[in-house]
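Colleague: The chain contents come next:
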Amino acid sequence: DAGVTQSPTHLIKTRGQQVTLRCSPKSGHDTVSWYQQALGQGPQFIFQYYEEEERQRGNFPDRFSGHQFPNYSSELNVNALLLGDSALYLCASSHWGQGQGYTFGSGTRLTVV
Amino acid sequence: QKEVEQDPGPLSVPEGAIVSLNCTYSNSAFQYFMWYRQYSRKGPELLMYTYSSGNKEDGRFTAQVDKSSKYISLFIRDSQPSDSATYLCAMNKNTGFQKLVFGTGTRLLVSP
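Protein chains in written order, with the numbering used here: chain P, 1 to 113; chain W, 1001 to 1112.
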């Protein structure tokens, strides 16, 4: 049973560019959440998708957007990249309403130069 | 002030030691408390989950929650080199509100 799969593993982008990160949830999970983890920090909640709609959003600018597809997979898009967007981006899946049952992927390491 | 405070460490102990990891928090609405383990270059892995105050034991791991003091702890008995990782505390308000608030993580190093 595959867990949460994220792609790509690593990515280097230039300031001002746009990036798309992808996530396939654990089999049977219907909810996807995205977190940003800066070096030496804990993960920070970006947003959560369920039934193809954004359900909750953290304190991130609207340069951060997302999408959930009918097969529950999800994308995170970041526009106009800043150096400060360099971080590990984590996708977590769960059943809707079971916030204690997160399964995290290994993340995408984004470096903005 | 951060909602969740956690000493970043590193915490270095010899193999076999009892390890105590702690977090404090400021929001009394938190009801669900979790400990995650994160190895280098990996995502967090759920270790323990506790609802409200009390203790929970799972093998070598014990989680404690004291809501009156807004203080949570994770104890690791008979620590092993394989326990070397970053330990993150996390919490949220209720089952339906799934945003997790994390501490910064404590890096643990267990030497053979």
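Keep in mind that the hints are not guaranteed to be accurate.
[Unchecked claim] Derived contacts from chain P toward chain W, CB cut-off under 7 Å, selection only:
1. G28
2. L39
3. Q41
4. Q56
5. F104
6. S106
7. G107
These are computed hints drawn from the structure, not numbers from a lab.
Idealized CB from N, CA, C, for every residue including glycine.
Colleague: Run every hint past the structure and note whether it holds.
Modeller: For each hint, the structure was consulted:
1. G28: Nearest chain W Cβ about 16 Å off; hint violated.
2. L39: 11 Å, violated
3. Q41: 5 Å, holds
4. Q56: 6 Å, holds
5. F104: 3 Å, holds
6. S106: It holds, given that the least Cβ distance between S106 of chain P and chain W is near 5 Å, below 7 Å.
7. G107: Holds, about 5 Å.
Hints 1 and 2 from the list above are not met by this structure, while the remaining hints are.
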